[in-house]
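Generate coordinates for the entire structure from the input sequences, incorporating the hints supplied.
If you read the sequence shown in our numbering, its first letter stands for residue 398, the second for the next number, and so on.
Keep in mind the hints are simulated off the structure, nothing from the lab.
Positions of the beta carbon are idealized from the N, C-alpha and C atoms, including for glycine.
One thing to keep in mind: the hints can contain errors.
[To be verified] With beta-carbon atoms standing in for the labels, derived distance ranges: (1) D435 / T473: 44 to 50 Å; (2) R434 / G411: 17 to 23 Å; (3) G471 / D435: 48 to 54 Å.
[What the hints assert, rightly or not] Derived SDA-like pairs: lysine to any residue, alpha-carbon spacing no greater than 25 Å straight-line: (4) K469 / L482; (5) K469 / A454; (6) K469 / V453; (7) K469 / W457; (8) K469 / R458; (9) K469 / T486.
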Amino acid sequence: MELIEAVVLGIVQGLGEFLPISSSAHLVLTPWLFGWRDPGLAFDVALHLGTLVAVVAYFWRDWLLLAQGGLKGGMTREGRLFWYLVVATIPGGLAGMAL
Numbered sequence: 398m399e400l401i402e403a404v405v406l407g408i409v410q411g412l413g414e415f416l417p418i419s420s421s422a423h424l425v426l427t428p429w430l431f432g433w434r435d436p437g438l439a440f441d442v443a444l445h446l447g448t449l450v451a452v453v454a455y456f457w458r459d460w461l462l463l464a465q466g467g468l469k470g471g472m473t474r475e476g477r478l479f480w481y482l483v484v485a486t487i488p489g490g491l492a493g494m495a496l
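Written as structure tokens, this is what we have:
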């Protein structure tokens with residue numbers, strides 16, 4: 398894979414991840430449109446991991462406040478939001494394990 402291909406796919410991933418479209422589909426369509434070889438699943442996973450790291454790094458203070466609020470047990474705004482997120486994650490986790 399050429400460096401320019403990796404850069405273009407990284408930009409597509411970065412822009413597509415936060416729009417209500419499938420960034421995964423764009424990672425398939427972009428190489429097809431340009432006539433590039435499929436970069437493979439490992440590269441797609443690396444792009445998604447890069448997105449995760451970027452989001453966590455950008456919002457690390459918010460994550461820290463949520464974790465502190467939830468683990469202190471108080472009924473602060475952050476504590477309630479932490480537990481809402483935990484409860485909201487359970488159905489998705491159970492569905493993922495069932496598949």
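Each hint tested on the structure:
A beta carbon spacing of about 48 Å between D435 and T473 agrees with the range 44 to 50 Å that was offered as a hint. In this structure the supplied range 17 to 23 Å holds for R434 paired with G411, their Cβ-Cβ distance being about 21 Å. Between G471 and D435 the beta carbons are some 50 Å apart, a value that agrees with the proposed interval 48 to 54 Å. Distance restraint check for K469 and L482: the Cα-Cα separation of roughly 16 Å lies within the 25 Å cut-off, and the hinted pair is therefore satisfied.
Using a Cα cut-off of 25 Å, the hinted pair K469 and A454 holds, with the two alpha carbons roughly 23 Å apart. A C-alpha spacing of about 21 Å is found between K469 and V453, which places the hinted pair at or below 25 Å, so the restraint holds. A hinted pair counts as satisfied when its Cα atoms are at most 25 Å apart, and K469 with W457 qualifies at roughly 18 Å. For a cut-off of 25 Å, the pair hint linking K469 to R458 stands: about 16 Å separates their Cα positions.
Using a Cα cut-off of 25 Å, the hinted pair K469 and T486 holds, with the two alpha carbons roughly 20 Å apart.
Of the numbered hints listed earlier, not one is contradicted by the structure.
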